[in-house]
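J.: Sequence:
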Amino acid sequence: MTIKPWRAHCIQTLNYVVNDVSTREDAQAIVQKSLDRWEKLIASTVGRSQGGMRNLVLFPEFALTGFPIQETAAEWIEKACIQIPGPETERLQKMAQQYGIFIGANAYEYDPQWPGRYFNCCFLIDPSGDVILKYKRVNTVHSPSPHDFMDRYFDHYGIEGAFPVVKTELGNIGMFPCGEIMYPEAARVLLMRGAEVILHPTSDHGVGDFIGWEQCKRARAAENMVYLVSTNSGGMMGSPAGGNIMGNSKIIDYNGLVLSNTGGPGESNRASAIIDVQTLRMVRQELGPLNRIARQRTEMYMRVFNEASFYPPNSFVDKPMGSKAEVNGIQRATMDRLAAKGIIPLP
1 MTIKPWRAHC IQTLNYVVND VSTREDAQAI VQKSLDRWEK LIASTVGRSQ GGMRNLVLFP
61 EFALTGFPIQ ETAAEWIEKA CIQIPGPETE RLQKMAQQYG IFIGANAYEY DPQWPGRYFN
121 CCFLIDPSGD VILKYKRVNT VHSPSPHDFM DRYFDHYGIE GAFPVVKTEL GNIGMFPCGE
181 IMYPEAARVL LMRGAEVILH PTSDHGVGDF IGWEQCKRAR AAENMVYLVS TNSGGMMGSP
241 AGGNIMGNSK IIDYNGLVLS NTGGPGESNR ASAIIDVQTL RMVRQELGPL NRIARQRTEM
301 YMRVFNEASF YPPNSFVDKP MGSKAEVNGI QRATMDRLAA KGIIPLP
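Take the sequence shown: its position 240, counting from 1, is numbered 240 in the UniProt record's numbering, and each next residue is one higher.
For the record, the hints were derived by calculation from the structure and aren't laboratory data. Treat each hint with caution, since some may be false.
Said to hold, decoys possible - Only pairs whose alpha carbons sit at most 25 angstroms apart, straight line, appear in this in silico DMTMM-like list of lysine to aspartate or glutamate: (1) K167 x D209; (2) K134 x E88; (3) K94 x D151; (4) K94 x E75; (5) K33 x E88; (6) K319 x E88; (7) K319 x E267; (8) K40 x E267; (9) K341 x D318.
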């Protein structure tokens, strides 16, 4: 199937967080106000797009609620988490239908399949209003992860559900959020499952980057020969040190070249670019030193991966993670074990 060029838009929002409210009703008032603004931004963004191309808009990571700070898992589920699909996404689904667009977003999800757990979940809505992709973040900091009960998770979803790549009229699309850009495996597994475009809702340091976020975005796109659409928050409103999140949303091509970016923090829909998957497919067929895919020799590395053990899987099989302190304890034990093996020497 020939893939027609289409346009991707980063909708960089100011994210109003719910940490300072105590009830779900108050949190929902903030969420609904944000969705009101999102609809106006969608109308403005799609309205200025010309040429009859299909449009995809991507919002930042956890842009409706912010992230848990002092809240326990139970408190965060009660106050801030949503079901996907659910009442909140229904508004976005109707917007996708109304404007005939794809909408990518991210939210903290409560999935009744897994009581007591919540997930950082990326999702994609197609122009007919269906949620066609859901990805639960694996590499979390202090939040629950499918890795916490990995065997049960794979038994239920399989590889296809754990690392979804959806075939669409725009090409093959995968998603992961924020800090997973720092983990080459997260992008590589999507390539291995057929991804041509990776959507990256994020909430990072943007123009204030000091740990390699920006370099990783370009590297992940180039090394996997994929387009990367990375939408960052323009700022966190109502949270401590909200200015740490400093925009600079961007769209990067399969050679790691930045096609468009917002250039800074604040609300913006400036980052917009044409995505040409058909050309990408032709470039991927060219042999020689520029084809990073044809020369993958994964088998040589698999033995090392199979023997490695860093953060242990299945750490919260019987009892879901309840607090950040539990995760910190596992991280400390991990580093102590790696030090004892001489893998990560102590200072």
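J.: Let me make sure I understand: some of the numbered hints might not hold for this structure. Which ones are they, in numerical order?
T.: The structure breaks hints 1, 3, 4, 6, 7, 9; every other hint is satisfied.
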